[in-house]
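Enquirer: Residue-level listing of the chains:
There are 2 protein chains.
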Amino acid sequence: MKNNTMTQPVLELLRSHRSIRKFTEQPVEESLLRDLITAGQSAATSSNLQGVSVIRVRNPETRRAMAELAGGQAYVEEAAEFLVFCADLNRSGWCCEQSGKTMADGMTEHFIIATVDVALFAQNVVVAAESEGLGICYIGALRNDPQQVSDLLALPDNVYPVFGLCLGYPDQDPECKPRLPLDAILMEEHYQPVNAERMAEYDETMRTYYQRRTGGKLDRVWSQEMSALLGKESRPHMREFLEKKGFKMR
Amino acid sequence: MKNNTMTQPVLELLRSHRSIRKFTEQPVEESLLRDLITAGQSAATSSNLQGVSVIRVRNPETRRAMAELAGGQAYVEEAAEFLVFCADLNRSGWCCEQSGKTMADGMTEHFIIATVDVALFAQNVVVAAESEGLGICYIGALRNDPQQVSDLLALPDNVYPVFGLCLGYPDQDPECKPRLPLDAILMEEHYQPVNAERMAEYDETMRTYYQRRTGGKLDRVWSQEMSALLGKESRPHMREFLEKKGFKMR
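Residue numbers (the UniProt record's numbering), protein chains in the order written: chain A, 1 to 250; chain B, 1 to 250.
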């Protein structure tokens, strides 16, 4: 029912993704930006909930504050566009009110639905952007201080910032980061226990990658990185923040 | 840095998404399936965590059980391929163990990271699949009975099934579902309160859409649907299930 003419180009486009952290000053056309968001809207959404709001941030002071709270990621300030993707149950709460109902708030399930809605939407925006020659960088570090982000954007209850997205024309051309061997993550019928050999294989791939990127300076492997990352608490404020925002995880 | 030749095709491809619930018997080539998963792996992932495992289910009995627990969605049984996308922190737990650490388990933040990783990955699989003429349907209803899904797939702790995905060649050609007006979800600088007029506009769009699809039988608008959906508890077992699986939301 669809033609297959763009077969290879789309697979290649997807496979060529890498985060861009340095952008030219070329602006993104207004009409293109709207096309990208429309592409995002076309992604699947649970029961047509559309639990997504996108806030476009242009104010330089807001940008600077967000770059800082994200740990000093200058590209948040510099990218032609910076979008904050929010999981939004405020709109559905409004629908409930209109018909005299009260939203069953704080459900873990609703939290999952809205968060997944946001990610599917954003990834469509990303694919659309990259097909137009733009580069992108997701900014999960907005969750370093989600309360400040909420205050800056005047987010009401039942809305939380999932991540930001830098968009602009690339002023760098980094290589793609190698991923885990396909067979380590694609399984048949049942979950497969972690295969130590596969992990060692990937560790060596990543060691080579980091050495190439840093001219031999960085000697690091993936399993060590993960152990450093997951071996410590991460953003322990999230639970309380979400609860305060109405996402009670019940 | 990238050519723009596929500009319109990709935007059009994304905009033409609709769920497919009836498939031909044509199988999906093994090499194509692997290409799709590779495309998924290329999506952004938080700190290169790659918190995703994909389980390909072919066993007809498992398929039938999942179709049933998903509320009798026959296409789960019938589609050429059925994939279960799991948020996976078991692999990173293994990395911690290897270096004598203990994973800081149960963090809400880790839950968010892995869930978002899964959705970004899956959406890339979907875009790749649709570019190859396949149709897809996300199956969030696996969360109707996530424990049974976990048992069927032998999922260990720190792994949970986020959703399923039917893949196959379409045997139907439904129209795209209209989405909220762009200006209802794209906001400048700050969150914008719900605009009742925009909502009424969309309600009428959806009324027309449903009437057209059902030959005038269905008289329903979006805001009513949302109020019915969110006005009641949804999958209230999720919290306890996740907690038992190691996702303690702390």
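Careful, some of the hints might be misleading.
Which copy? The list can't say, so a pair holds if one copy fits it or any two copies do.
What the hints assert, rightly or not - Below, in silico cross-link-like pairs of lysine to any residue (SDA-like), each with a Cα-Cα straight-line distance of 25 Å or less:
no.: 1; residue 1: LYS101; residue 2: ARG212
no.: 2; residue 1: LYS177; residue 2: ARG198
no.: 3; residue 1: LYS232; residue 2: GLY133
no.: 4; residue 1: LYS177; residue 2: HIS190
no.: 5; residue 1: LYS232; residue 2: LEU242
no.: 6; residue 1: LYS244; residue 2: GLU189
no.: 7; residue 1: LYS248; residue 2: PRO236
no.: 8; residue 1: LYS177; residue 2: SER99
no.: 9; residue 1: LYS232; residue 2: MET187
no.: 10; residue 1: LYS101; residue 2: LEU33
By construction, these hints were calculated from the structure, which means they are not laboratory data.
Enquirer: Run through the hints listed earlier and report the numbers of any the structure violates, in increasing order.
Expert: 1, 3, 4, 9, 10
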